Amino acid sequence: MKVLVPVKRVIDYNVKVRVKADGSGVDLANVKMSMNPFDEIAVEQAIRLKEAGQAEEIIAVSIGVKQNQETLRTALAMGADRAILIVASEDVHHDVEPLTVAKLLKAVVDEEAPGLVLCGKQAIDNDMNATGQMLAALLGWSQGTFASGLEIDGDNANVTREVDGGLQTIKVKMPAVVTVDLRLNEPRYASLPNIMKAKKKQLDEKTPEDYGVDASPRLEIVKTSEPEARKAGVIVKSVDELVEKLNEAGVI
Amino acid sequence: MDFARTDEQQMLWDTARTFMERELLPHEDAVEAADDLPRELELELRQKAVDVGLHACNMPESAGGPGLGAVEVTLIEQALGHASLALAECVRRPCNLLAACEGEQVAHFLEPAMSGEKRDCVAMTEPDAGSDLKGMKTRAVRDGSDWLISGTKHFISNADRSEFVVLFAATGEDDTPRGKRKRISCFLVDLDLPRVEVAPGYKQVGLRGYSNNIIRFENARVPGWCMVGGEGEGFDVVNRWLGPGRLTVAATAQARAQRAFDFALDWAANREQFGQKIGKFQGVSFPLADMATELRMGELLLMHTAWRIDQDHPEADQDCAMAKVFCTEMLGRVADQAIQTCGGMGLMADLPLERIWRDARVERIWEGTSEIQRHIISRGLLRPLGA
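First to last, the sequence lines map onto chains U and P. Counting from 1, one number per residue, gives the positions in the first sequence under this note's numbering. Counting from 1, one number per residue, gives the positions in the second sequence under this note's numbering.
In isolation and in its complexed conformation, chain P is listed as follows (with noise of 0.2 Å):
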């Protein structure tokens, strides 16, 4: 068994890393406070990601990307992740499901993506319709050679950034054994159509700098060239493509947690009370034991499961599901713990701790809450007993 990086790999972090430290963190103290990331930054950090190549790392050869493995896209994903979402989320990494734009698809929207002309979002999430995606009421009914859209979709990330919209919305029902089933398709709607309304969102726990927005469609008519894979087929198209997204954020968690750790590491070596460095006090450093052995497991869980990826094992859907359970429920107690350690500053906005463990809260919810990872997990565990 080899854990090392391979020269190619070590070179990919460096450079991502490098990046992160360089690009984006000397920014994060501004965003945080202006809550506000401001356009033109958020367009010149994109052009320079560009320029160095990690925009659109994602991306497979056929759609124009580098083609990496999962496992090199999770390194620099971990190398990003240190910095604050709405700065990480700069490096764009467009939406995988892009790469199966076809025809008028690839010019107009694959394409301007690629070459980080045009932002993209992704709308699933409905008020009604959060982990339940299946009850979405958003629906695109046949009028000719378009479809007509309503509905409304929120918790969108960064709409009022982008220029399209990864949208799912239902196109009819089926009859199946087990009752009615809408029939989910996908479409690519570009945000200035008529009828489309970017709204902003609800105001929020952490993720400073960075919106969540509400898209309502009323009646928007959208041309029949804009749907990605067959009618009915959205969540196909959402399997084969959408599954490394929870691996983006299992990623992330750990990337987050590593540097609240390495911080609380600092303090508790340099902090000094009742006249010793309080990491001499065992109640500070039993509990730096403790995250540094859940950080390596989050790490070995994350690569292998990035690896397993690459081998297209037949379980590697559990393996996500694995990895953004514990990455991120690991990243609630390592920041939670790395604030005790380093007592009330650890709750000032000096340190860069409490946004940290803000920010923390949301990823058990997002992208499959924790119970949902645990239903993918255990189903895998059971189906196959017949149970």
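For reference, chain U alone in the conformation it holds in the complex (with noise of 0.2 Å):
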């Protein structure tokens, strides 16, 4: 079994994030860029599907800008076999938006029929949580959302799943889409002698012509806004001060 792992390029968690002056975005120049952590531990759970012999090949897929190269070959050096880029933009702060992304994973799959597609619950960039679930629909295939375990049971696979209070398991028809939750596994960072062999791995590029997919976006960012800064805090003498307090804030 083959299996797909897509990968998004997003500001590093590490980072403090700033909206850029005109609120068209967070600015992105020159700042560190990683893997979607959800998506590092999607390529984690392939490699060890891999390592317990129950998939053959995995292929990691990054659409985006051709900076995307350098998650791809962090994938590469994590133990994905080769990589597929497509480059969707020129511009580092356009963000592909998920129906697209969807559409040309769809075409992807299309061309390598992977039996599972492990994806990120979400990017931790703008929280769309959408692609997944937009792939599934189009390809017509089974998903299995927020995973938080996943085992392959013939043609089938059980998804644990993280809900409000509690963990539900569903069994899934393969092929499948399976998006990943933080607590699936965690991530390995890439071995020297898997560093040394990333760069001689398969990359291919592509754009999104080459799959006939229009990629012209749909949406339009209206708006983007800092999050309103803390208002000081009151330190309070007393148990009974804090109540009072508490009160007159209507709070209690």
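It should be emphasised that the hints constitute simulated quantities derived from the structure, not laboratory data. This one's a predicted model, so the numbers in the text were calculated from it and none came from an experiment. Backbone N, C-alpha and C fix where the C-beta goes; we use that ideal spot for every residue, glycine too. One or more hints might be untrue.
Below are the DSS-like pairs computed for lysine-lysine, each with C-alpha atoms no more than 27 Å apart in a straight line [said to hold, decoys possible]:
| id | chain 1 | residue 1 | chain 2 | residue 2 |
| --- | --- | --- | --- | --- |
| 1 | P | Lys-48 | U | Lys-199 |
| 2 | P | Lys-48 | U | Lys-50 |
| 3 | P | Lys-48 | U | Lys-200 |
| 4 | U | Lys-50 | U | Lys-171 |
| 5 | U | Lys-197 | P | Lys-48 |
| 6 | U | Lys-20 | P | Lys-280 |
Label pairs and their in silico Cβ distance ranges [as the list claims (entries may be wrong)]:
| id | chain 1 | residue 1 | chain 2 | residue 2 | range |
| --- | --- | --- | --- | --- | --- |
| 7 | U | Lys-66 | P | Pro-314 | 32 to 40 Å |
| 8 | P | Gly-69 | U | Asp-214 | 40 to 48 Å |
| 9 | U | Lys-237 | P | Asn-270 | 18 to 26 Å |
| 10 | P | Asp-35 | U | Gly-23 | 49 to 57 Å |
With the hints as a guide, dock the two chains, each given alone in a separate frame, to form the complex.
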């Protein structure tokens, strides 16, 4: 079985995000970028499936700007076998929207015929949480979202999902799209020999036109704003004063 | 001029940095408090480093290493250097000199050092031979095909955790136009041989969990095949292989200075006195600016030196001396100022600053004192002018 893992290049989670002066988005110029952490978990899970003999080949796909090569090299260094880069934009500030990504991924799936697509549940930049679901719909495949557990059982996959207040385990028919959550695994870091091997692994570069997909945007970002700054707190001297203040604020 | 890291360099940094954060740092408080690095922990970390390929990352391909350039190795050493030395050294980087192993030495010393089975230590310094290495009294005398070694070495890092030692000893004297000169040779010696004793070293100001040992040789019999290079070629072997040691010290110093600075910056941005963040006071903020500037200078000097080594630049030796002297002295200044920024808390063991400050002092002494480094730099400047 082939496993397809889409990976997104996002602003590194350690970077303090700054909104651009014109409010059109987040400033990404000269900012450290990394693989979306949920996608890292998906890559790790694919490698574990391969190590367990349940997958033969892992293909990492990234859609975005040319610099996404770096993200794909990281996936290759972790253990993916080959990579496909679809350059859908020249502007690092242009976020390719979920439906376009899903359509392009469908085209890759049609070509590569994987038995499983493992996605991060969402990207930490725009938190859309849509691509995996859209892809499953376009393919007409089963889907298991927010996976914190995954077991391949013959033609089925048992997906443990994190739902409010507990866990839910569902059985889905393969081929399937599974989107992964934080607690599924702890991703490995790339070993030195794998980092050295990564540059020799195959990385194909494509465009949306190669797949006959129109990548022009349908969504328009109207405004991006920073969260309101936290107001200074008040230090109270006693529990009585605390209760009094809370009463005044009308919260109890 | 391109100062950007390649994808590969960035990935190497990320791996080393993540390893340091996940595997080394969590043990630091315990090692500091106990002044001991438990043997099981050392071996566990060494194995983890083997698994991820960081073990022996400094070694050339001919020795079975990854054959990275000096730039890549320096990046890795900087990433690991954030943690205390006792822990950072669990990621073994065997003495580069082992790459010169030949014949029986390969299976007996090089291969087990590369696989992590055996640990090496290096013995040059003696009680009466510090910077004046050629004054060493440890000597080796031929006896048939063997050598009989006698003498005492001290300040030998982690000899009590090692299986063998890279040993320098005098094997005779030559007459030169400038008088008699000792013939220094290099040996690889198993530490469990009869008449070789590894004794505890001295109590020291810092480097908790990192031992310095004394090794005594009393007519210890060492097989002839244990000599590296030819007789009297000890310093040639050193010059060929040991240069990067000074860059390792510089990289470690740079990393620790960065850690101290990051801590002080955070402190200045969050602690309040007189009704405002202390970073608002120029008495606090200007030293931060100076520290940041010095750190940038250290970083550029360090990476430029590594790059020149990779270019086989003829002055790389002086560059290493410059990087070593600047980064280690800068660490002293930054560690001291970081404590000043944090005030009294800076001296408490609850924060990492006091240990960085204590550990900083030796960096200006070992692997060639600051004075020896300045000698190397100035000699390189003046010798071509006939002075």
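Evaluation of the provided hints:
| no. | hint | in the structure |
| --- | --- | --- |
| 1 | Lys-48/P <-> Lys-199/U | holds (24 Å) |
| 2 | Lys-48/P <-> Lys-50/U | holds (21 Å) |
| 3 | Lys-48/P <-> Lys-200/U | holds (25 Å) |
| 4 | Lys-50/U <-> Lys-171/U | holds (21 Å) |
| 5 | Lys-197/U <-> Lys-48/P | holds (20 Å) |
| 6 | Lys-20/U <-> Lys-280/P | holds (26 Å) |
| 7 | Lys-66/U <-> Pro-314/P: 32 to 40 Å | holds (39 Å) |
| 8 | Gly-69/P <-> Asp-214/U: 40 to 48 Å | holds (45 Å) |
| 9 | Lys-237/U <-> Asn-270/P: 18 to 26 Å | holds (24 Å) |
| 10 | Asp-35/P <-> Gly-23/U: 49 to 57 Å | holds (55 Å) |
Checked against the numbered hints above, the structure violates none of them.
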